[in-house]
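Student: Read off the chains here:
There are 2 protein chains.
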Amino acid sequence: MRHMKPVEPTAVTIDDEFWSPRLETNRDVTIEYQYDQLESSGCLENFRRAAAGETGDFEGMWFADSDAYKWLEAASYVLATADEPDPELIGRVDDVINLVAAAQDDDGYLNTYFTLEEPDKRWTNLNTLHELYCAGHLIEAAVAHHRATGKTSLLDVATAFADHIDDVFPDEIDGAPGHQEIELALVKLARVTGEARYVDLAEYFIEIRGHDDRLEWELDNPEGLAGYDPDGDDMIEGARGVFWEDGEYDGTYAQAHAPLEEQEAVEGHAVRAMYFFAGVADVAAETGDEDLLAHLERLWENMTTKRLYITGGIGSAHEGERFTEDYDLPNEMAYAETCAAIGSIFWNQRMLELTGDPKYADLIERTLYNGVLAGVSLDGTEFFYDNRLASDGSHSRSGWFHCACCPPNVARLFASLGRYLYTVDGRDCYVNQYIGGTASVPLEKGNLTLTQETALPWEGDVTLEVTAPNQTTATLHLRIPEWCDDVSVTVNGETVSTADEGYVTLERTWDDDRISATFDHSTTLVAGHPAVAATAGRLAITRGPLVYCLETVDNDRPVHQYRIDSTTEFTPTHRSDLLEGVTILEADATVPSLEGWDGKLYRQADETKTRTEPVTAIPYYAWDNRDSCPMRVWIDWP
Amino acid sequence: MRHMKPVEPTAVTIDDEFWSPRLETNRDVTIEYQYDQLESSGCLENFRRAAAGETGDFEGMWFADSDAYKWLEAASYVLATADEPDPELIGRVDDVINLVAAAQDDDGYLNTYFTLEEPDKRWTNLNTLHELYCAGHLIEAAVAHHRATGKTSLLDVATAFADHIDDVFPDEIDGAPGHQEIELALVKLARVTGEARYVDLAEYFIEIRGHDDRLEWELDNPEGLAGYDPDGDDMIEGARGVFWEDGEYDGTYAQAHAPLEEQEAVEGHAVRAMYFFAGVADVAAETGDEDLLAHLERLWENMTTKRLYITGGIGSAHEGERFTEDYDLPNEMAYAETCAAIGSIFWNQRMLELTGDPKYADLIERTLYNGVLAGVSLDGTEFFYDNRLASDGSHSRSGWFHCACCPPNVARLFASLGRYLYTVDGRDCYVNQYIGGTASVPLEKGNLTLTQETALPWEGDVTLEVTAPNQTTATLHLRIPEWCDDVSVTVNGETVSTADEGYVTLERTWDDDRISATFDHSTTLVAGHPAVAATAGRLAITRGPLVYCLETVDNDRPVHQYRIDSTTEFTPTHRSDLLEGVTILEADATVPSLEGWDGKLYRQADETKTRTEPVTAIPYYAWDNRDSCPMRVWIDWP
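The listed protein sequences derive, respectively, from chains A and B.
First residue of the first sequence: 12, per this note's numbering; consecutive thereafter.
First residue of the second sequence: 12, per this note's numbering; consecutive thereafter.
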């Protein structure tokens with residue numbers, strides 16, 4: 012097992028033609044807008060009222076506290092990476108932390124739904140009420156805030172709650188949470204506090220899952236549980252719907268159907284699965300448990316070869332936001348929740364650190380540029396919860412959601428994007444993502460400064476200026492992206508040829524050097540596995556890390572009328588005036604002739620004709636940023 | 012305007028290899044089974060309790076009375092066409108009629124929902140409570156029962172209720188019903204009683220629709236209306252959902268958005284639309300109003316060129332069971348309610364009678380063999396409410412429905428199938444449907460006896476023995492089906508060639524003659540209009556009147572893997588051992604090679620290969636009669 016460490020966002024400054032505007036929008040618009048939503052949704056008011064000792068009238072979903080925590084986490088990353096201090100944001104973060112701290116009970120417990128609505132029923136409903144989930148997000152926010160500012164104001168709150176949880180579990184309550192999140196958070200807390208018992212607690216929550224019958228017992232004995240409504244129209248009844256199959260308890264929804272070691276496929280609610288596997292990877296990293304890693308590798312294999320959209324999206328079913336069956340990847344009805352894609356990045360980054368296998372970085376790149384980036388509008392104020400791969404034009408992003416998990420998740424991912432660029436291990440530095448900027452990379456023999464410039468995702472050129480004040484000896488590993496068939500690299504103008512297991516490997520004593528890499532970046536037409544019904548007889552267009560799509564607004568005909576084949580040649584043109592700058596792809600496509608159709612709805616096929624007309628594709632992430640119109644990723648393949 | 016008359020089912024004996032077993036199943040199994048459902052669903056108990064003066068505890072949907080009426084209508088057709096009297100069925104019909112009669116109020120009003128639940132709120136909620144709809148079905152049943160038996164026991168009940176309605180509308184209540192049905196029923200009642208005022212009342216209901224604001228007013232002022240629940244979780248609130256668009260009243264759901272003369276497209280709830288147009292056609296027939304016919308022809312044009320499934324199914328949206336937009340004809344999500352297809356047959360038969368245009372008989376045939384026949388299982392006990400054109404294997408027929416409109420509608424259509432075979436007009440007789448049996452056809456110059464034999468739908472051969480005791484001069488018109496490119500006809504062995512506007516026309520003095528017709532019946536591959544997204548890049552297989560489909564159970568691969576093109580040659584084979592006897596179609600299809608896919612979910616398209624493998628198609632109507640499995644009507648077209 013490897014133990015690569017990421018270069019933390021605090022050590023990475025992003026300066027990138029593609030990403031910098033997005034991160035600015037995230038900082039200046041999205042995070043600002045989301046703060047307003049915390050107020051207007053009643054989320055902050057819940058904390059205020061809990062702090063004031065009021066009761067009743069909790070607003071929002073019962074896990075609304077986590078919205079505030081995710082906002083605090085995102086805002087902390089912004090503070091950590093800001094060019095200069097932002098007193099207004101610092102003040103606002105402190106105000107929210109003060110609210111949170113004031114709402115905490117004396118024994119460390121903190122959850123405004125329970126404090127306001129059901130103070131006597133803590134920990135009675137682990138399936139549904141998400142106390143541990145909210146605690147996990149509190150801890151993640153606290154760790155981020157502490158790392159960003161050095162302050163302990165939120166960390167103290169989080170530690171007190173974690174200690175309370177450590178007291179309660181498993182001595183008073185023995186069971187796993189319905190929604191994972193606490194596991195990965197506890198490992199973060201252990202790392203920042205040095206307290207190994209938080210790792211033990213995380214390990215407990217992982218090991219108990221699928222071994223105990225607590226979740227089943229709760230669903231069978233709802234009376235007296237928090238959230239119980241004798242009319243049956245309650246959260247418990249709702250949860251039964253996803254936890255029941257043919258009248259029998261089936262914990263698949265929360266990955267509680269079997270112990271981890273017996274799980275052969277990624278199952279159930281996709282976000283829960285991703286947070287779970289991320290937490291398992293963290294515990295494996297801390298304990299060195301190779302078995303845990305083997306379980307994760309088995310599940311990753313299932314997900315990526317049978318249950319993954321070409322965009323990196325996962326969890327195809329709207330009902331239960333869940334994985335369904337192998338090869339069930341519908342387009343129009345795709346769920347592919349933005350949060351699940353983000354969770355996949357969390358998990359894959361940990362797998363990369365534990366293995367050094369670039370396939371995990373490949374999937375992060377694919378997911379980031381497609382499955383996640385499509386989830387937020389170019390202006391940063393509208394979001395997709397579900398990311399369809401085809402639309403009849405009736406599906407558009409929304410400003411906010413009653414269950415508002417995705418927007419703050421996008422915000423915290425983007426605000427911490429720097430952590431996905433580089434990993435280090437002894438004297439090895441891995442360049443995992445090609446995003447421009449400067450990083451200070453701590454290696455065994457001394458620090459390197461890496462200044463990256465890249466034209467990605469539009470062109471495959473990357474340069475890295477390496478500065479080592481003390482002539483550091485180190486090995487740089489440049490990931491060769493999965494989409495790249497041909498790579499050429501020079502160091503200080505001299506061609507080098509040192510590819511090794513998916514990386515270009517450059518070992519030398521660095522001084523003041525310049526690496527230039529060109530990754531072949533041509534348009535590729537992609538087919539789906541024959542077992543996938545939704546891609547049968549269809550092709551997808553990709554170029555570099557980007558999946559493309561057709562939107563009717565760019566084309567003379569409805570998108571379903573275009574057919575391309577595996578030899579269709581697309582011409583890329585960068586259009587800085589379009590969609591905040593995109594490279595479009597144009598080709599000649601086959602379209603049906605309208606001749607002879609007058610007054611007919613069905614007709615003998617051999618009487619119909621086709622013709623050739625131009626077609627324009629845009630990056631999938633940029634769809635639905637103009638007037639709503641039909642869209643397709645998978646194009647008919649004649 | 013023509014005034015063709017159908018040869019009534021009482022004058023037609025069906026003796027047909029394809030249809031006779033189905034009609035027997037309908038009579039012996041379906042109608043029996045449905046009677047049991049009337050008991051077990053509480054429908055008959057509602058009548059009993061209303062008759063006994065009890066209150067409360069109405070069971071089923073608020074229009075459940077219509078289930079009993081539809082059963083009475085179907086059973087009456089069975090009595091009318093039985094080879095010999097069926098004392099048990101006669102007794103059961105009389106018992107149900109006695110129940111119905113006993114539940115009628117003294118003033119003629121009859122609706123057990125109101126009698127049991129809201130006796131003071133009659134006629135307050137025309138949108139939703141379906142009193143006039145139930146009245147219409149009562150009248151249809153009464154007319155069928157009277158024609159079958161000569162008895163007036165049910166006709167007296169229906170007439171008393173119709174007279175009560177005639178008193179109330181429009182003097183006390185001025186408005187159209189939310190669900191049409193009363194219009195066509197009143198015309199039937201006028202025809203059997205000779206009372207023209209029922210036609211006037213039908214005409215009133217047609218003319219007021221889209222002209223008044225009664226339906227809008229009800230939705231705006233729900234308090235005091237029947238079905239009103241102050242918590243808003245009531246029928247009225249449910250109705251608002253379909254009658255509202257962007258916060259504004261929109262009567263489209265019930266074809267009340269505009270007067271008939273301003274309606275340019277078939278809109279709204281498809282069953283309502285079909286019953287409406289059938290009623291309009293009936294009024295046009297009685298009043299000779301050419302304008303009404305012109306409106307219907309305009310709407311028919313829209314439906315058949317833009318909003319019709321290849322199966323004859325209509326109304327593509329589950330939400331609202333309604334027509335959506337031109338060319339919106341999804342496969343997996345097709346609604347295509349069985350009742351709507353049946354309603355289309357009702358309407359088209361009337362259009363045929365008013366025009367003599369065989370295109371209406373063509374659509375009846377297409378709808379009967381596909382859109383309707385698929386709605387009932389081969390054993391007659393399970394039903395599709397919605398008829399999808401593709402399935403992932405998770406969709407199957409059900410034994411009964413809470414809203415049980417479709418099963419009894421199938422039963423009454425099949426039990427009265429004889430009426431769709433022949434129409435007469437003076438000395439002309441039209442052979443509209445090719446179904447074997449004997450008919451006594453009354454013509455101007457005397458009766459003909461027609462004995463039809465046919466191998467349809469499997470082969471295109473039809474013989475007609477014409478017997479005329481008095482050497483009757485008459486013109487026989489044999490419809491040339493839309494699916495037939497080539498027809499050859501002999502009379503007494505001599506070839507004749509007298510096609511005229513879709514008919515083979517045979518004028519002579521008939522004595523004892525034999526007509527043989529062979530309609531070319533080859534397999535045809537059909538394309539959908541380019542504007543239809545769901546059929547883009549796909550072909551459907553048809554043979555004669557039958558649409559075919561692929562079911563996985565007959566094939567080695569999942570159905571989505573097969574590709575055929577417009578030149579693929581299918582070989583028909585009749586398999587008497589399969590699905591109660593079907594002609595299957597077999598061909599060589601293109602399938603993807605599985606080579607090189609190991610461990611890959613996506614791959615460069617130009618690396619993939621195809622091969623040729625056999626594929627088997629079965630008639631669409633016969634799908635889902637074995638274990639549930641994936642099915643497709645529209646096959647990929649490479």
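Since the hints were made in silico from the structure, they are not lab data.
Here the structure is a predicted model, which is why all the values come from computation and not from measurement.
Fair warning: there could be bad hints in the mix.
Which copy is meant is left open, because identical chains are indistinguishable; a pair holds if it fits in one copy or across any two.
[What the hints assert, rightly or not] Here are the computed lysine-lysine pairs in the DSBU-like style, where the Cα-Cα straight-line distance is at most 30 angstroms:
1. Lys611 / Lys370
2. Lys620 / Lys456
3. Lys162 / Lys611
4. Lys317 / Lys611
Student: One pair to classify: Lys611 and Lys370, alpha carbons no more than 30 angstroms apart. Within, between, both, or neither?
Tutor: between (51 angstroms within a copy, 13 angstroms between copies)
Student: Between the shortest in-copy and the shortest cross-copy C-alpha distance, which are at most 30 angstroms for Lys162 and Lys611: within, between, both, or neither?
Tutor: neither (72 angstroms within a copy, 48 angstroms between copies)
Student: Within a copy, between copies, both or neither: which one fits Lys317 and Lys611 at a CA-CA cutoff of 30 angstroms?
Tutor: between (41 angstroms within a copy, 8 angstroms between copies)
Student: Indicate which option fits the pair Lys620, Lys456 if close means a Cα-Cα distance not exceeding 30 angstroms: within, between, both or neither.
Tutor: Cα proximity of Lys620 and Lys456: none, with 69 angstroms in one copy and 52 angstroms across.
Consistency note: the structure conflicts with the earlier hints numbered 2, 3.
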